[in-house]
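Student: Top to bottom, those sequences are chains A and B.
The opening residue of the first sequence carries number 1 in the numbering used here; numbering runs sequentially from there.
The opening residue of the second sequence carries number 1 in the numbering used here; numbering runs sequentially from there.
Note that these hints are calculated values from the structure, not bench results.
Check before you lean on any hint, since a few could be wrong.
[To be verified] Derived Cβ-Cβ restraints for the label pairs, each shown as a range:
(1) A:384 x B:44: 38 to 44 Å
(2) A:400 x B:38: 58 to 64 Å
(3) B:43 x A:363: 45 to 51 Å
(4) B:58 x A:367: 29 to 35 Å
(5) A:378 x B:346: 34 to 40 Å
(6) A:363 x B:327: 37 to 43 Å
Note that the structure is predicted; figures quoted are calculated from it, not measured.
Using N, Cα and C, we set each Cβ at its ideal position, and we do this for glycine too.
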Amino acid sequence: MTCPLMKWGRAWDPILTCSFYIVSGLRSQQGALHGCFLPMEMYRKKLFAFGLTCKRHLGHDYCVVTKKLKLLFMGFHVGSLIFHIIMIVAKNNIPRKRKARSNTRHGFNDPALGVTNLEILPSANTSSILYKVMGVTKGKLLERLKELQVNFSLYKHPVILTVEEGDRKQRFYLVSALKNTKVNIKVLSQRLSLGKGGLRMAPSEALSVQVPLGCVTPFAVVNESARYVYIIISPILYMLAAINSNDLDTFLKPIGRDPSYVDFEASPLVGKDYPPDLAALVPSGSINLPDQPAKQPSSQVPTDTNHGSGDNESKMISVKAVKSYVNGKNTTVKPVKKAQSSGNFADVELFVEETLHKTSRLLIAQIKENTTIKQHGENLGAVMGDNLRKGLISDLANLASTFKNTAYAEGFHTGSHYQPRCL
Amino acid sequence: MAASTEVEKKNLKEEPEQVVNPWEVSSKGKIDYDKLIDRFGCQKLDDTLISRLERLTSRAPHVFLRRGVFFAHRDFADILDAYERGDKFYLYTGRGPSSEALHLGHLIPFMFTKYLQDVFKVPLVIQLTDDEKFFWKNLTVEECRRLARENAKDIIACGFDISKTFIFSDFNYVGGSFYKNMCEVATRVTYNQAVGIFGFAGEDHIGKVSFPPVQAVPSFPSSFPHLFSGKENLRCLIPCAIDQDPYFRMTRDVAPRMGFNKPALIESLFFPALQGETGKMSASDPNSAIYVTDSAKDIKNKVNKHAFSGGQDSVEKHRQLGANLEVDIPIKYLTFFLEDDAELEHIKKEYGEGRMLTGEVKQRLIQVLTELVERHRRARASVTEEMVDAFMAVRPLPHMFD
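Using the sequences and the hints, build the whole thing.
Tutor: Set out below in structure tokens:
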């Protein structure tokens, strides 16, 4: 005679199994819990089989033991099923910062070159959410862009980005890239001179850009909370996007965010001969607060404003940040902040100062060395002159040759840009 | 000279105890430079020539000449004769930009060339053979060009006069009259000759085989029409290291057949590696050389830890026997870089007789090297992209003989 519970157990079996797989499927985005149910399921099945054999061998008496175990398992399964359902419901309702992933797609079409209208399928991550949740509303953002007379096309494009945590000093890098661009974190970390493991995906708690992940665009850094985020952008993205990279720079520079354009596909050698090419993006020392920008002088920007939706014709703006654009020849990134030269080597005053400084230093050193009239008598002057000469000749020759070369180079550069006036 | 290639072949049949060619320098023991001179067929640079140089230029000869670093030449006496008569010449040197990090050994020909430029007041062309590195090393074209530009900055930092110097990279400049001369040279060198001189094998690609004319042709003034048009008879003097001799042997062979003057050469020793006399410095081993980017601390470390010393094992033994100056690297380096002859003699004497210890010699060397590297670094800091562009621009040099 078969135990009724066992019959019951068998009937439950397919239902339970299916439900677990459905639940796991629903949670597969997280991928975490799916794994632990399979072993449980298998264990349960094994136990069930054991029970069967027990029954066969030992008869009805052991049905009690397996019965209790079965109840236990069923209770466990049902309980977890309910738990999962609750979690899923809760997840969809409570707005939470979700960890964004790179390279997922929500209907982003790769346009052919020249076509600038990107057809986007509506999805949950449209920019309407972006603008709603951002500290700056959509209206204000557009106003600001108009202020800067930046050319842009207004359309919704969900761009999936990653925000990666920097080194222990907690720097954040906002990396924007196209879907198909493979951003190799290890390589990027090496290139930023953070070593092979210096870069990790930011945990959602650390994020402070005030937008739901999955739609963190460079515009999000308008928010104050995103002060310490460094922006790294793949130029291809903005070649295809409606906002010209120069325009983006115009927008970002006033708020102190100098973006750097990096070719992610490149994996340059990093070694003794090849220092990390993006090391310039990792400032040593503490995070420096960018000054609150003064109103961006509109002299930097051309006057035509074209808000057409399909029009990508913006004039080239001579913004300093253009220097950072990656050119086809090499994949190194020049530091965006133009390095302040330590002084013009063709400056006459500096040259004279340096010469006099060196001479007087040597003279003082000689006097200190007890070179007295007693020692050399009348020849003191000649001797000191000789020593000065020996000590100074190569240094001064170098100084002078640097001066000459710099002046020549400046003249040459100016001459090559000289345009004679036609009368 | 066809004769020299036959001599070359005969020597190759002997045991190759030392290998010296543009791509490899190695030997079982010390490099025997006298044998090299015999094998290559050049002449030793003796004291009479040096004193003649001193008279002509009314300046003390350069450290390298006094110490025998530049020890061999071909037709240098003819150059001096022509200079006395009033016929000028121009200098030609070059670098193969295979790495960004330059070490002191690389700078030696440039330092000497700067001296020659200052003393004779003649123009200079510097060739950056980025295509050679592309052919021989596993690098991309972009990388070679980038390295050439970076190396150009270090070369400029040696202090060349911009109004008398033209730097060019092969990828940028080859074409026009330069290419015409390359073709003329190429037709006059048979494949077998090239194999004999450079040792090409069947599996070497044709890029390698076609490269030698590129290095040969800057010795002819007609390759630089923007500089030397109208001066077809201008002679050329090439300061280089002795392993580059094969290229110019070939050039000297071809030049009379093309109606040009044979280039003169002045050749230097190899700069020994820190670890000893077993070859030249290698860019792949960072501890075998002092790089121009090394900090003072690095130099101190490298010299103290890795410089091969000829001193004895213990202080007592050292005071008794003295040091072995033949293999001692700090002494060799001081021979290259210490300006003061008297001081060097003093150090050699004291060290050789055991009164001075290795540590003191190394200390002095560190001082000298640090000063050198520091000066170079300062000069390098003053080199801007504009300056590099100006040096590399195809422009006339109206004051090149002033």
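Student: Each hint: holds or not?
Tutor: Hints, one by one, checked against the model:
{"no.": "1", "hint": "A:384 x B:44: 38 to 44 Å", "result": "holds (41 Å)"}
{"no.": "2", "hint": "A:400 x B:38: 58 to 64 Å", "result": "violated (44 Å)"}
{"no.": "3", "hint": "B:43 x A:363: 45 to 51 Å", "result": "holds (46 Å)"}
{"no.": "4", "hint": "B:58 x A:367: 29 to 35 Å", "result": "holds (32 Å)"}
{"no.": "5", "hint": "A:378 x B:346: 34 to 40 Å", "result": "violated (28 Å)"}
{"no.": "6", "hint": "A:363 x B:327: 37 to 43 Å", "result": "holds (42 Å)"}
When held up to the earlier numbered hints, the structure conflicts with 2 and 5 and fits the remainder.
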